[in-house]
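Chain by chain, the residues:
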Amino acid sequence: MPEIRVTPLGAGQDVGRSCILVSIGGKNVMLDCGMHMGFNDDRRFPDFSYITRNGRLTDFLDCVIISHFHLDHCGALPYFSEMVGYDGPIYMTHPTQAICPILLEDYRKIAVDKKGEANFFTSQMIKDCMKKVVAVRLHQTVQVDEELQIKAYYAGHVLGAAMFQIKVGSESVVYTGDYNMTPDRHLGAAWIDKCRPNLLITESTYATTIRDSKRCRERDFLKKVHETVERGGKVLIPVFALGRAQELCILLETFWERMNLKAPIYFSTGLTEKANHYYKLFITWTNQKIRKTFVQRNMFEFKHIKAFDRAFADNPGPMVVFATPGMLHAGQSLQIFRKWAGNEKNMVIMPGYCVQGTVGHKILSGQRKLEMEGRQVLEIRMQVEYMSFSAHADAKGIMQLVGQAEPESVLLVHGEAKKMEFLKQKIEQEFRVNCYMPANGETVTLPTSPSIPVGISLGLLKREMAQGLLPDAKKPRLLHGTLIMKDSNFRLVSSEQALKELGLAEHQLRFTCRVHLHDSRKEQETAMRVYSHLKSLLKDHCVQHLPDGSVTVESILIQAAAHSEDPGTKVLLVSWTYQDEELGSYLTSLLKKGLPPAPSGGS
Amino acid sequence: MAAHLKKRVYEEFTKVVQQQEEVTTKKLRLTKPSKSAALHIDLCKATSPADALQYLLQFARKPVEAESVEGVVRILLEHYYKENDPSVRLKIASLLGLLSKTAGFSPDCIMDDAINILQNEKSHQVLAQLLDTLLAIGTKLSENQAIQMRIVDVACKHLTDTSHGVRNKCLQLLGNLGSLEKSVTKDAEGVAVRDVQKIIGDYFSDQDPRVRTAAIKAMLQLHERGLKLHQTIYNQACKLLSDDYEQVRSAAVQLIWVVSQLYPESIVPIPSSNEEIRLVDDAFGKICHMVSDGSWVVRVQAAKLLGSMEQVSSHFLEQTLDKKLMSDLRRKRTAHERAKELYSSGEFSSGRKWGDDAPKEEVDTGAVNLIQSGACGAFVHGLEDEMYEVRIAAVEALCMLAQSSSSFAEKCLDFLVDMFNDEIEEVRLQSIHTMRKISNNITLREDQLDTILGVLEDSSRDIREALHELLCCANVSTKEGIHLALVELLKNLAKYPTDRDSIWKCLKFLGSRHPTLVLPLVPELLSTHPFFDTAEPDMDDPAYIAVLVLIFNAAKSCPTMPALFSDHTFRHYAYLRDSLSHLVPALRLSGRKLASSAVSPNIMPQEDPSHQFLQQSLERVYSLQHLDPQGTQELLEFTIRDLQRLGELQSELAGVADFSAAYLRCQLLLIKALQEKLWNVAAPLYLKQSDLASAAAKQIMEETYKMEFMYSGVENKQVVIIHHMRLQAKALQLIVTARTTRGIQKFHQDMSRVDLLFGMCEKFLQEVDFFQRCFIADLPHLQDSFVDKLLDLMPRLITSKPAEVVKILQTMLRQSTFLHLPLPEQIHKASATIIEPAGESDNPLRFTSGLVVALDVDATLEHVQDPQSTVKVQVLYPDGQAQMIHPKPADFRNPGPGRHRLITQVYLSHTAWTEPCQVEVRLLLAYNSNSRIPKSPWMEGGEISTQAETGIEGTIPFSKSVKVYIMPKPTRR
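In order, the protein sequence lines correspond to chains U and E. Position one of the first sequence corresponds to residue 289 (the numbering used here), numbered consecutively onward. Position one of the second sequence corresponds to residue 12 (the numbering used here), numbered consecutively onward.
If you're looking for bench data, these hints aren't it; they were derived computationally from the structure. Glycine included, each C-beta is placed from N, C-alpha and C at the ideal position. A couple of the hints might just be wrong.
Stated by the list, open to error - Distance windows between CB atoms, simulated:
1) E/890 - U/568: 48 to 58 angstroms
2) E/281 - U/775: 20 to 30 angstroms
3) U/741 - E/287: 38 to 48 angstroms
4) E/916 - U/550: 23 to 33 angstroms
5) U/562 - E/321: 46 to 56 angstroms
6) U/586 - E/922: 36 to 46 angstroms
7) U/581 - E/867: 28 to 38 angstroms
8) E/965 - U/568: 48 to 58 angstroms
9) U/735 - E/216: 51 to 61 angstroms
10) E/216 - U/789: 35 to 45 angstroms
11) U/730 - E/470: 25 to 35 angstroms
12) U/550 - E/436: 45 to 55 angstroms
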C-alpha cells in the first residue's frame with residue numbers, strides 16, 4: 289500500500305527547531321533544519337541519528353529544503369551537513385541563500401565567542417555548507433531527480449520565505465514553513481494555487497488568534513512616534529536585525545516622507561546594513577507598492593534613515609533610533625535605553641514579544657525601577673509602549689490557505705499542542721479532511737491511492753468516443769481494450785493491436801447452448817416462431833431470418849433442430865462469441881422461458 | 012545644443028494645432044467600380060496561399076462602400092469554395108464578417124452562403140470565424156426573427172464540437188441572438204422549443220474553463236438583453252464559485268450578483284441546517300467570501316459588486332466590518348472598540364500599558380466559525396489586501412453602501428479613517444473622498460477627528476485639499492473638536508502657506524456649520540480679556556484671517572456673538588467683508604455704523620423678483636420688433652446694461668444674463684451695421700468706410716463662438732439660433748467684401764478679385780446648405796427668419812451671379828426678423844481663475860537662455876465640460892510670440908461637480924534678454940465647430956477610420972491673463 293510518512297524531529301507540537309522528515313513515493317525529504325532558542329545542550333539541534341543509525345545520511349535523504357532564513361528553520365544546517373555529514377542537495381530561495389550565512393555566522397559568533405562553546409561549527413563549515421545549496425525561484429519546478437520535483441510558492445513572512453510543494457508522481461505534499469496571509473509594508477501575502485496536495489503541513493503559531501486589522505496598529509505606532517518627536521522627545525525602538533526592523537523602517541520612512549518631518553531616524557549598524565543591502569537587491573520578493581515604484585526610487589534606499597553612531601545618543605533634540613537586540617537584554621539597545629530612561633519626554637516602543645527575565649519584559653509588565661548590574665537603580669520615567677507586529681498567519685489566515693490549496697489532509701506543526709487541538713478540530717469540522725498533529729519523533733502514516741497514468745491509443749479512444757455520448761465526469765464508462773504493461777509504463781490499446789504487437793494469433797471463444805422446446809412442428813416453423821418472437825421483443829437489435837432456416841440476432845446464431853429421440857421437442861442451438869456474452873446469455877434466458885403460444889394452427 | 016534642447020522641449024510640450032485638410036469623400040467613390048474586379052484579378056493571380064493572404068490583407072486596409080459590398084462578397088465566396096488553405100479561408104471568413112457590418116448593406120444575402128460553407132467546413136478555427144461572421148450578420152439583422160432562429164439553430168448544432176473555440180462562439184451567438192420570448196420559438200412546423208437558458212446552462216459544467224466562462228458570459232448577455240434569468244441558475248452559479256479557473260470565478264460572481272438583484276426576496280435554504288435566508292443575503296455572503304479569493308482579479312470584481320447590493324439586510328452588512336477577534340481562544344476587542352470605549356469613559360489617552368488589549372472573556376470553541384461565516388470581516392480583508400486595486404474597489408464599495416445606510420456609515424468610519432494611512436496615495440485620496448461623500452450621515456468623534464487631522468501634514472497637496480473639502484462638510488460634536496481642527500489647520504497653514512485659500516474656505520464652512528460650538532471659543536480665539544485691552548493682531552497674518560473667517564461665519568447665525576468682539580475686530584470685519592467678500596458673510600451688527608452697513612440690511616434679495624425681471628426685460632426686447640431703428644437700438648443697449656448688472660448682482664443668474672446679453676449684443680451690432688448710411692451709397696466702398704461693418708461682422712462671429720462653447724448647458728435649440736446668427740454675420744461679411752472689392756476692382760481690373768468673390772459666394776451657399784442639413788429638424792421654428800427666406804430663394808441664388816447674390820442677401824438681411832432666443836434650464840458660463848502665478852512678484856524668474864524653466868500654474872475652472880481636451884495654457888512673450896501648451900489629462904482634478912482644478916507646469920524658454928520682462932499667461936478654451944454636428948452617415952463604415960479629426964477651429968480666452976516676470980540670461984561660455 290503506498291503511503292506518505294511524516295515524522296517531525298522538531299517543531300512537532302512545539303515552536304523552534306523545525307525539522308520534518310517526509311517519505312513520499314519512496315523518496316525521503318527533510319524540511320527545514322533549525323535550532324531551538326530555548327536550549328544550549330544537545331537538544332538545541334534535531335536528533336539526526338533518528339534518520340539513520342549507521343550509514344550515511346546522503347544515502348538516505350534525497351534532498352533538504354529550507355523554507356526561510358530564520359535560525360529556528362536553518363540554524364542546524366552547518367552542523368547537519370558538515371559535522372553529521374550530508375552531501376546531497378539543499379534547496380532554498382535566492383534571498384534565503386544570501387541572508388542565511390550572515391545569520392549563521394552571527395549565531396556562531398555569539399555561541400563561540402561570547403559563550404565560549406567548544407565543538408561548534410566553524411566559519412569554514414558555514415561556507416562549505418552553503419556550497420551545497422541549490423537556489424530556486426518562485427514557481428519554478430525543480431527536478432531533484434527523475435521522480436522527485438519541488439516547487440516554491442511565495443509565503444510573505446520574511447524576505448525570501450517560501451512554501452514548498454514536494455511531488456512524486458501524482459502524490460504531493462505542501463510544506464508552508466512560516467507564512468503570513470496579510471501583506472505588510474514590505475512584503476506581500478502568501479499565495480498558493482489550488483494544487484490539491486495529499487498533505488498540507490502548515491505552521492500553527494497563532495492557531496487560536498484572530499488578529500485585528502494591521503492598519504490600526506500601524507496608525508497607533510505612527511501616531512505615538514509622531515507625537516513624541518513633536519514634543520521634542522527621543523524614541524527608542526529595540527528590534528531584531530531582520531524582518532520586522534525593515535517593515536518598521538519602511539513604515540517610518542514613508543511617514544516621514546509624507547509628513548515632511550525633519551527629525552533624524554537612526555539605525556544601529558552591523559548586521560542590518562548588510563541585510564538592507566539584500567532587501568534592496570531582492571526587490572521582486574517585496575510587495576506591490578515597492579515593486580512598482582522601485583524604478584523611480586528603491587524604497588530600501590532610505591532617505592531619512594541613517595546609520596547610528598554611539599555619540600548620537602547624547603545629541604539634543606528629537607530622534608528615532610532602531611537598535612538591536614529586540615528584548616533590551618544586552619548590547620546597544622540597552623545602552624541607549626539607560627541613557628534615555630530618565631526623561632519623561634522620551635519613549636520606548638517594544639515591537640515584539642519579550643522573554644521573561646529580560647529588561648524588556650520587566651518594563652512591559654510595569655516595573656518603573658530597575659536594578660542594573662553594579663547595584664545601581666535605574667528609575668524609568670520614559671513612556672513604555674507595546675506594539676505587536678507579527679508576521680505569522682492567524683487562525684483565519686491558516687484556514688484561508690487550507691481553503692486555497694484544498695489538501696486531502698492537513699498536518700499541524702510549529703505551534704503549541706493546546707492551540708493546535710482547537711485548530712485541528714476546526715479544520716476537520718469545516719473542511720472535512722483529516723488533520724494530524726504529531727509530537728516530535730511521532731510518525732504519521734497516510735495511506736494514499738496514487739493514480740497511475742495509462743496511455744491510450746488515439747484510435748481506440750476515438751472509436752470508443754464514437755460509440756457513445758460525450759464523456760460525462762459523473763458516470764463511469766465501459767471501454768474494451770487490452771492493457772499492456774511493458775517496462776514501467778502502461779498502455780491501453782485495442783485488442784487487435786495488442787495481438788499484433790505481441791505476435792499472437794487471435795482465438796475465438798464461442799459459447800454454445802442448447803435449449804429444449806416443446807414444439808411438435810417442423811424445424812422451419814419453429815425457427816419462424818422464434819424469429820417472430822424475438823423480433824417483437826428485441827426492437828433495438830437487428831434480428832434476421834436467414835434462408836438456411838437459422839435466425840441471427842446481431843452476431844448470435846440460433847438454429848433449430850429436431851430432437852433425435854423426441855420429435856415433440858425441438859432443440860435450439862444458440863451460439864455466441866465471448867464479446868457478445870451479455871446479449872447471448874440474455875437470449876438464452878429468454879428462450880428458456882419458452883415461446884408464446886402460437887397465434888394460429890391447432891395444437 | 013541649447014537650441015536643440017529647446018526645440019525638443021517644445022516638441023514635447025506643445026502640439027502644433029493644424030487645420031486638417033477636409034476629407035473629400037467623393038474621391039473615394041471614383042475607385043468604386045474597380046474594387047471587386049481588382050480583388051478578383053488579384054486573387055486569381057495569387058499562386059500560393061501566402062500570396063492570396065497578402066492580397067486579402069492589403070484589400071482589408073481600404074474601406075469598401077456599401078454599393079460594392081455585394082460584389083466583393085460574391086468574389087470572396089467564390090474564392091472560398093476553391094481555396095484549400097485554411098488560413099486563407101479564415102481570412103476570407105473574417106472579411107465576410109467585417110463586410111457585413113458595412114452600413115447600408117443588408118447582409119441577408121450572405122446568410123445562406125455562410126451557413127452552407129459552415130456545414131462543409133472541417134477546420135475548427137475557420138468554423139469559429141464563420142460563426143463570428145454569423146454573429147455579425149445576426150446582430151445587423153436583429154429585427155428579423157426567422158434569420159435569428161436559423162442562426163441559433165446552427166449554433167446549437169455546433170455546440171457539441173470538440174474545439175473550445177467553436178463552442179465559445181456558439182455560446183456567444185446564443186447569448187447575443189437567442190430569442191427572448193418563448194412563444195415566438197413555437198414555429199408552425201412544431202420545431203422543439205429552444206430554451207436558450209437551459210442550453211447555455213448545460214455548458215456551465217463543460218470540461219474547458221474557457222467554454223464555462225463563455226457560457227456564463229452568454230448568460231449575462233441574455234440578462235443584458237432583457238431576458239429574465241431563472242432563479243435555478245443561482246445554484247449552478249454558486250457551484251462555479253469554487254472553480255479552478257479565475258475567469259470562471261470572476262464571471263460567476265457577476266452572475267450571482269445579477270441573480271441576487273433579480274430575486275432579492277426569494278428564500279433559499281442554508282445547506283447543512285434547516286434555516287432559510289433571503290437570496291440577496293445569501294449572495295452577499297457568497298460574494299463576501301470571494302473577497303478573500305486567491306486571485307486578485309476575482310477579489311476586485313467581488314469587492315466592486317458588493318457596493319451595489321443595497322437590499323442586503325443591515326445585520327449582514329454590519330458583519331462585513333466585524334472580524335470577531337480572539338486571542339488564545341478568548342474574545343478580544345478591536346482597537347476601534349477600545350478607542351470608542353476610552354472615549355466614552357471620558358479618558359482620552361490610548362493605552363499606555365502593555366496588555367490593555369488583553370483578551371477578556373473565554374470564547375466557546377464550538378461557536379467559533381473560522382471560514383463559513385459568510386460576510387464576516389469581508390471589508391476588513393478587502394481593505395487590508397495586498398493589491399491596491401482591491402483596496403480601492405473595497406473603499407468604493409464601502410462608500411456606496413454607506414450612502415444608503417447611515418448606521419453602516421457610522422460603523423465604517425473607523426475603517427475609512429484607517430485607510431488614510433495607506434501606502435498608496437490613490438487609495439488615501441479615494442478614502443478621503445469617500446468620507447466626504449458620506450459625511451452627511453455621520454458625526455465625527457474627537458479621537459476620529461484627531462486621526463483625520465493628522466493627515467493635514469501630508470506633503471501631497473491633493474491629499475490636503477481633499478481633506479479640507481472633507482472638513483467643509485464634516486459634523487463635529489464638541490467644541491474641543493472645533494478647536495482641535497482649527498489648531499491643526501493653522502499648523503497646516505504655517506507649514507504649507509500655499510494652502511491659504513483652501514484653508515480659509517474650509518474654515519468658512521466649519522464656522523457656518525457649527526455656530527454654537529464656536530461661540531464658547533470666541534474669547535480664547537480672539538484672545539480678548541475681560542478687563543485688559545490686548546494688542547491688535549496683524550491684519551495681514553493669514554492665520555489671523557483664518558480665525559476671523561471661522562468666527563464671522565459662525566456669527567452669521569449666532570446673533571449673540573458680535574457682543575464678544577472687541578473694537579478692532581469690527582474694523583477688521585469691515586475690511587475683510589470688502590476684500591474677501593466670498594469668505595466673509597454680511598453680519599447684522601446692531602447699533603453700529605459701518606461701511607458695509609449700506610449693503611447689509613437687504614443683501615439677500617429674493618430670487619423670484621430678479622428672475623422675473625430678467626424674463627420681463629427679455630420679453631420686452633423680443634416683443635418690440637417693429638420699433639423704429641433708433642428706439643430698438645436704445646432699448647437693446649439698456650437691456651444689455653441691465654442684464655450685465657443683474658449678472659453681477661445675482662451670481663446664480665449670471666450665466667443666463669450673460670448669455671442673453673451676448674445674444675442681444677450680437678443683434679445690436681447687426682442692426683448698427685445695417686443702419687450705416689453708406690449702404691445707400693451706390694458707389695463702391697473704400698476699405699476705411701467699411702471698417703465698422705466688417706468689424707461688427709467679426710465681433711458677432713466671435714460672440715457666437717463664445718455663446719456656443721463657453722456656456723455649459725446649451726441645448727440644441729439655442730445652438731440653432733447661434734448658428735443662425737453666425738450665418739447672418741457671414742452674410743454681412745460677404746456683402747461688405749463684395750462692396751469693397753468692387754471698389755478696388757475699378758482701379759485694378761484684376762480678374763482674380765472676381766474669382767475671390769465668386770469663391771466666397773460659393774462658400775457661403777455651402778454654409779447655408781450645411782446649416783440646412785444639420786438643423787433640418789429645427790427649421791420649422793425659424794419662421795420668417797433670415798434663413799427661412801434664404802432657403803426659399805436658394806434655387807435662384809445658386810444660378811445667379813455673385814453681384815446679384817449680394818444684392819439679394821442685403822435686402823434679406825434687412826427684412827429678417829429678430830429671433831427669440833429660448834433660455835435653457837441651466838446655463839453656466841465657463842470661467843477660470845489663475846491662482847498661481849499670482850503675478851505680484853518683483854523678482855524675475857532667472858534662467859539660462861535656451862534652457863527651460865518650469866512655471867507652476869494652478870487654476871480653478873468652473874463649468875468647463877471636458878477640460879482635458881479643451882483647456883489650453885497660452886504664454887505670450889513680449890516679442891509677440893505666442894505659445895500654446897496642452898496640459899496633460901492627469902493635471903486636471905475634479906474636486907466637485909462643475910469644478911475642475913488645473914495644476915500643471917508650463918515650460919518657458921526664450922533667447923537671452925537684456926533685462927527682465929513680463930510674459931503673459933492665460934487660459935484658453937479650444938473649440939471645434941464641428942463637434943456639435945451629428946456625424947454624417949457616409950463617414951462611418953470601413954474597418955479603418957479614414958475620417959480625420961477635423962481640426963480645432965479656434966480658441967477663446969476665458970481667464971484674466973497673469974503677468975510673470977522672467978529673465979533669460981545669456982549663456983556663459
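Do the hints match the structure? See the list:
For residue 890 of chain E and residue 568 of chain U, the hinted distance range of 48 to 58 angstroms is satisfied, since their beta carbons lie about 51 angstroms from each other. Separation of residue 281 of chain E from residue 775 of chain U is about 54 angstroms and departs from the stated range, judged on CB atoms against 20 to 30 angstroms. At roughly 46 angstroms, the beta-carbon separation of residue 741 of chain U and residue 287 of chain E lies within the given 38 to 48 angstroms, and the hint holds. As the Cβ distance of residue 916 of chain E to residue 550 of chain U is approximately 26 angstroms, the hint placing it in 23 to 33 angstroms holds.
Remark: the range hint 46 to 56 angstroms for residue 562 of chain U to residue 321 of chain E is upheld by a beta-carbon distance near 55 angstroms. For residue 586 of chain U paired with residue 922 of chain E, a C-beta distance near 40 angstroms keeps the hint of 36 to 46 angstroms intact. Separated by about 24 angstroms at the C-beta atoms, residue 581 of chain U and residue 867 of chain E break the suggested range of 28 to 38 angstroms. The beta-carbon spacing between residue 965 of chain E and residue 568 of chain U, approximately 54 angstroms, falls within the hinted interval of 48 to 58 angstroms.
For the pair residue 735 of chain U and residue 216 of chain E, the supplied restraint of 51 to 61 angstroms is violated, since their beta-carbon distance comes to about 31 angstroms. Distance hint check: the CB atoms of residue 216 of chain E and residue 789 of chain U are about 38 angstroms apart, consistent with the given range 35 to 45 angstroms. Look at residue 730 of chain U against residue 470 of chain E: about 57 angstroms separates their beta carbons, and that is not inside 25 to 35 angstroms. In this structure, residue 550 of chain U and residue 436 of chain E break the distance hint of 45 to 55 angstroms, their C-beta atoms being roughly 21 angstroms apart.
Of the hints listed earlier, those the structure fails to meet are numbers 2, 7, 9, 11 and 12, in rising order.
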